Amino acid sequence: MEKSVMVIGGGIAGIQASLDLADKGIIVHLVEKSPSIGGRMAQLDKTFPTNDCSICILAPKMADCFSHPNTNVITYAEVVGVEGKVGAFKVKVLKKARFVDETMCTGCGECLEKCPVKVPSEFEMGLSNRKAIYTPFMQAVPRVMTIDKENCIMITKGKCGNCKKACKREAIDFEMKDQMLEIEVGSIIVATGFDSWNPTTSTEYGYGRYPNVYTAMEYERMINAAGPTHGHIERRSDKKRPTKLAFIQCVGSRNPQVGHPYCCAVCCMHSTKEAMLAREHHDDMESTIFYKDMRACAKGFWEYIERAKRDYGVRYLNSDATVQENPENHNPIVVYDVGGRQQSEEFDMVVLATALIPRKETLELAKILGLKADEFGFLESSDRILGMGRTNVPGVFLAGYAAGPADIPESVAQGSSAAAKAVEAMALAGGA
Amino acid sequence: MTMAETKKTDPNEKPRIGVYVCHCGSNIGGFVDVPSVAEYAKTLPDVVYATDNLYTCAEDGLTSIREGIRKHNLNRVVVASCTPRTHAPLFQTTCESAGLNKYLFTFVNIREHCSWVHMKEKEKATLKARDLIKMGVARARLLMPQEEEKVDVEPTGLVIGGGVSGMTAALSLADMGFPVHLVEKEGELGGFVRNLNNLYVTEKSATETIKPLIEKVKASKNVKLHLNSQVKSVEGFIGNYDVVMASKGAEDIKTKVGTIVVATGALEFVPEGLYGYNQYPNIVTLTEFEILCKKKSLPSLKNVAFIQCVGSRGQKVSYCSRICCNVAIKNAINIVDNYENMLGLAEKNGTIIDTVPVEKKVPDEILERRRRRRGRERGEEGEAEEVKLGPSEKIEVTVFNRDVMAYGVEHELTYNKAREHRVKFVRYTPENPPKVFMEGNQLMVSYFHETLKLDRSMPVDMVVLSTPMVPQLDTREMSQMLKVPQGQDGWFLEAHVKLRPVDFATDGIYVCGTCKGPADITEAATQAAAAASRAAIPMAKGYVQAEALTSVVDDIKCSGCGTCIQVCPYGAMRKNDKGLAETIVAACKGCGCCGATCPEMAITMTNYTDAQLLAEAKATLEEV
Amino acid sequence: MAEPQHTIHEKKDEPRAAAGEFEPKIIGFLCNWCSYAGADLCGVSRYQYPTNVRPVRVMCSTRISPHLVLDIFKAGADGILLGGCHLNDCHYISGNFYTEKRVRLMLKLLEDAGVDPKRLRLEWVSASEGEKFSKVVTEFTETIRNLGPNQVKKDAALRSKIAAADEASDTFRLRALVGKELGLEKTGNVYGNKLEQTELEKLIDIATKEEFERSLILELSKDKARSVKELGKIMEVPTDRVLRHIVVLRQKNMLSMDHPEGFTPTYKTIIIGGEQ
Amino acid sequence: MTDQRFEPNIVAFCCNWCSYAGADLAGVSRMQYPPNARIIRVMCSGRIEPYFVLRALELGADGVLVAGCHIGDCHYISGNEEAEKRMAVTAEVLDKLGLGRNRMRLEWISASEGQKFASTMKEFTEQIRALGPNPLPRAVPAKKGDPAKIKAVMNQIIEDTGAFDCVECGKCTTVCPVAKCNPDFAPRTVVLKASEGIVENVSKNRDVWTCVTCELCNSMCPYKVDYSGFIRSMRAEAVTFDNSPVCSQGGLMHSVMRVQAAGDFKQDRLGWMKPELKIAEKSDVFYFTGCVSYYDAIFRDRNLDLAGIPQAAVKIMNKGGITPAVSNDEVCCGHDLNWTGDEAGLRKLMKKNVELIKASGAKKVVFSCPECLRTFKLDYQDLMGDFDFEMVHISELADELIQEGKLKLKDGARKLTFQDSCRLGRHLGIYDPPRNALKAAKGTQMVEMDNTKDKAACCGVNAWATCDETSRKMQVDRLKEAKKTGADCLVTGCYKCLIHLNCAQANKTQVPKEQIDIPIKDLSVIIAGSLE
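Residue numbers (this note's numbering), protein chains in the order written: chain A, 1 to 432; chain C, 1 to 624; chain Z, 1 to 276; chain F, 1 to 532.
If you're looking for bench data, these hints aren't it; they were derived computationally from the structure. Quick caveat, the model's predicted, so the values are computed rather than measured. All clues stand as given, with none of them false.
Partner residues are not named here, just some residues of chain A that face chain C (Cβ under 8 Å, in silico):
| hint | residue |
| --- | --- |
| 1 | Thr-106 |
| 2 | Arg-254 |
| 3 | Gly-300 |
| 4 | Glu-303 |
| 5 | Phe-376 |
| 6 | Ala-419 |
Pair by pair, the computed Cβ-Cβ distance ranges are:
| hint | chain 1 | residue 1 | chain 2 | residue 2 | range |
| --- | --- | --- | --- | --- | --- |
| 7 | F | Gln-381 | A | Glu-184 | 58 to 64 Å |
| 8 | F | Gly-405 | A | Ser-237 | 44 to 50 Å |
| 9 | C | Lys-14 | A | Pro-69 | 30 to 36 Å |
| 10 | A | Gly-208 | Z | Gly-148 | 52 to 58 Å |
| 11 | A | Gly-208 | F | Lys-415 | 18 to 24 Å |
| 12 | A | Pro-69 | C | Pro-485 | 30 to 36 Å |
| 13 | F | Val-140 | A | Glu-328 | 56 to 62 Å |
| 14 | C | Met-481 | A | Glu-184 | 41 to 47 Å |
| 15 | F | Asp-73 | A | Glu-328 | 52 to 58 Å |
| 16 | A | Glu-184 | C | Lys-221 | 27 to 33 Å |
| 17 | F | Ala-152 | C | Leu-452 | 17 to 23 Å |
| 18 | A | Arg-310 | C | Pro-212 | 44 to 50 Å |
Away from chain C, derived, C-beta distances all over 12 Å, residues of chain Z:
| hint | residue |
| --- | --- |
| 19 | Gly-114 |
| 20 | Glu-142 |
| 21 | Asn-146 |
| 22 | Glu-199 |
| 23 | Lys-224 |
| 24 | Leu-249 |
| 25 | Thr-264 |
All residues carry an ideal CB built from backbone N, CA and C; glycine is no exception.
Sequences are here, hints too, so could you generate the full structure?
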């Protein structure tokens, strides 16, 4: 029997599961779709309720995970097929050509300067550009470059090759082909995380129509010192710094109308944190949070809200809201309801706490693995009460947001929990 | 990964330092005159070899380090290139493969901290690079080989608490192949859940739900169950805890365990003096209500009020107790849908409470509206036909809340279901809470309707108070015994709220379930499995190995004042039998707080000694 | 080996030292997890800053005892920058809270020693604040440049004062007080009495002053026996206080009476085992 | 009395200054005339609106006489000229309804014409006697609501409309166009009051009539609370407590509908037909014209050419190879009765219409009026089960024909903006077909207003109830939005949007004309106009 585990998804849940397993002496194959591990947490600026710097606490884990003698981190790869059963899965992993030799690249970045192609950066939520050869972010692990074959003009049109010329280590190989790996593992942990819902279709919020309406993830990148604006909050319309911010909760979530009747469980706290950070950046920042129910229900959360009110002057208004715009200055006008009376107020910027939804790819993966998903696309646990993370397929376990809304500590706990379950399953399959 | 036999380095041997300066392509070479820096390095004291590489981290660079160690008999290696935070392990491993203790390696960062940040000042950048290498060499001269201490781990676990968390953790450890002692102070397994009627999300009875778990725990060969028992004392450190367990009417049991999982659970807050509790009849807490339901001894009800946040969120305790909204919602639905069953009629029919499937997403069709209308056919002449009474005409449930904490998928859907089933939710503010009083023989609730700005009142037959979970009374004793911290609310405090949710700062002890804060059964069980996973790591390894970045106490200087014990965040300092301080190497993380604190300056930090730091800093201050 | 090509720097900036300008020497103690990482990010992001700071990596800012700082000032550093994680972000949970307390002591002692406290700066720089790191270094370098060179090597009186401050920082009393300060504030003393922060700080300030003066007496009387009056004059401290210190120091067996000058007794520092 | 001769009941409205005085003179002069008339004195014949006549007939009058000063003699200068116009409309409506204009008479009688008064009375009484009794059945006195039952009824409504699902998020208020103009109104407070058991809400609260039932709240409500359904059901209760709407045209339209519901009269509603249009007795496609014929009569002075709309619709169908069946016997769909608390009226009309269409054997019914379509598709099917014929809006049909290549449009450079009516849009979810059909003409550019499609703003009035300041503000806001797009023309797909928005342009408003003066045209008219 195979004493190794595959972890699919390199976010914090996957990293935690991998580390827990690797530390137990089990070989872990961590498959990550994007060029770097780190997942959503890497995009965050701070984390609630301690306002820890997210990347500061994550980066050591990423490095540990990558350099652990028992881990095999396969980035830029996807699981395309699975056979077998618990104790003896055969997993087909498509490792996409990154056109850069991982063993040669030092991530020095000389090639970046020479690449003429600009593409909106996925990591920066499109707020800034990356090159066709890139690392998704500064602290990426592994810190090697990747060529995006859709946009590289050498690959698409056969001319350029600037990066190859710039690379002293000759790490660039335009001839690189996708590779199909076949990996045998005893069990599998799925931790594919979430996506942020695009609120363009809910036109009442004006996202995409009014320049100064942002999503929470965009704001998060903007306020990050390493982000596209170097931590400066600025308006799309005039690059001015806003002072009056409105945060609107439950945009697309808790809304059966748009198909996400569930609560995303993290946005109340997330927006509170964003409002607090605004005030930390500038004393004159005033934030208002429009909410349905302030769901601050884990350790230290309610105290955090109280602190936001008391020390950061964050105003909380119990109302859903819609957005109009003052055409003269592009100031968003938030329309809300206090005591059954319509009110409206002009703000400099509106930040939408959009629904967090399971990734589309997760459903495909579920099909490959034979997992059940609910109608929202969350993967289902077979035992809803005592066995969260155990699935209908023996030997396959879940962790993190893919299994339902969870914040970082819950994802970490689920990562560890899935690791324990994977070991138990293999022990059982091995007749132990 | 296999390591070559490390040759013994004599600490007193004169340093023979090799310096490797990296061009990192043009990343460093473009802005720093690398060859001249390498030349300069040769002039530094004790440097016997210096060279420059295009990429020191490339295989040829690493080879040149290995060769240098052999050829020049180097006993210290300095690499000047990028940041130690990503590349130190690589070079350390290289040194080790050439037989050099990895603690005799020093890293100098001349890329992130020099060439890249002084791209327009090559001369000054070169001067700085020289200085940085000089500092590195000064430090290297004082480096000492270190042995990483290995401590064997007893591969047996201890789980304190026999509730759902404790049982899950114990079973998980057992299933992973480790013997476990499970200690429960009551005579029965199950913990708090035994009080409950059914568990939300499913309508299955609580006892039925945990029955298989209890049976598995009892059946497991690896679980040694200690009922009616308590942990009396715990001494030792990770891998080596000496535990004494006391059982009622039996002799104390002494045993050795490697890791400990704390799962001692929580209590329900008793709302003495609030909302007429213990003053008027039919005012109960959520758990009391559950017990009534479980025993099928509810009184006859027509109007029930739930009051949320009784004592929590800034009243008696500052926190939100996370689960009470969802428990109240569950019970509200039970009352509306299954009231007759709850009255005990079900027992006569021999059925348990029916499973009511949670109605999920409404199909997004415009014609859906018709559903609403069909129930209401009216006569030709506009005369109202017999109006079909909704369930609410039989029994009315009102939930007074401040915010409904129906987080996630299933809670929110259940909340939606409750409203669809005509459970009324009325929001109140802490300034204007509902009032419970008697009017004659009638129990009444009055409230202020926030939106309509109206004072309302209604007769009720029962008031259910949702009170928060509070820590067990013996949490403090437990925390002192285990030397683990409590947070300000009295809950056990995990090592890091974000990334180490089930670890204590002290290695070897783990925490899960409601003893570290309110959680529902699913979350508690998940944490328990997580804690088991964490606890299994040192046991699976069989040893713990501490990086040799620890504090060392000079017991001649130590006066035993104990300040270091007080400041250490990991409980890694203790008093030895001489009454002097001693580092528990396995627990020490090397932050240096004790060293900087020790009033007698009796503590030094390996690999970061005062002498090393001062030498490094002063090297740049010397007049050239 | 191919000579690496230089592409980016076109503009040549003559070192200001050549123009005779003062180039401060600054030591930067950076904690591994936040500020060192922030400095790394600063490099990766190519934010430029002056070359004057020499970083020394430590695991945690809490590692930096006042002695390290004062000793380095004594050795002639023009400025010292301490970088740590933001409060509550500490990799070691609470290390930087102690750092804060220690820095307060360091600043007090620097003031006593006649070193401009501006020469020491504590900054919280997280791993994501690359730009902040460059700003801090640029600003701090400018501050130090404006303050001018550390005169410790030229000014003997200053030298003794810094040495005295260094000595004082290592006294049992100050180290113990600062070490226990947080605990006293948060959980109270053995009797369970909590102390107000301001009260405690007052207490520490008094102790700092006393320990500094005592250390200075010892420093001044190391090579030459001195009278109370003489010490009072050099130290600009009233003689009765000098005398009180001397009584304490004599009790501790750190100072002995030397030859009287006329009727005036003089005192000399007792040097044990020729240490230092 | 053994005389079996029919004695008509006649209501005579006489103006104070001429006809009433004329009647006085007839009396003073002891001139004899039949006793059938009951005189109601008004200050001027200009006061008499068409609905006076209709209401009188509905309430059992067999004939109505309106008498005023001679043209040129009006005490109020030109009041009688207005009366003349109005009575012409009334006469036309009576003709269309099949009641016949003969049941009404307009006569100029001066103060000196006692004789004329007496002779008019005689003649008119004979005229009515000859017509026979008013064929309308006697109105049944309205049912009174039972205060004891109302709480249970309201609870049922709450349940039916899912009003308990409300989490008080207030999103309905934020989008409500009425709440924007009238801060005292919010969809959720109406519901909340009911759920708090405040029954006076039903009998006294006017909010129930303030709502325009545009369903923006419904479409926005995350929990799909059916606010408009709630309001509609509550209206049905409110009227039983005499909490009734104030209707436009004094409720003329409602009277017209009730008349159609009450009896089987030979209507005359196909006056818009033109010889070049091809229609058939029997066809697979039935064209349901709606009340356009009546609207045409009532709003003729506005130059809206409402009759042009069905003409255009038939033209489109003809061009597309369809010869639709059109019936003079269709009755009003009952939408407006249904939305003003008269569900019984709806049922009567429904029966007639559905029987008619079933009898015609049509497989597809085409509507010009979104209200008719909504009523058929949702309300009728709600009550009767699913129909086996298809129901489409003319825009859907046009879009389909264009896509099938059966209909071709001429090129023409123009910029259009489309007003999504609430019924067509939010109630039925039809957004793209009208746009596609309009865009089919090469060179046509569609521009969207700020609030468009499911967020489209309302024309301000629903079911001819509650036209007030709020309505006017909504209309003006909408016109401003349309103007701002820079479109050449605001296209509507609903008779009422056209009428109401036009009303705001035709009447005095606070805003300068140039901010709202955009031509408004019906979709069918535009499409028909660009047919090849």
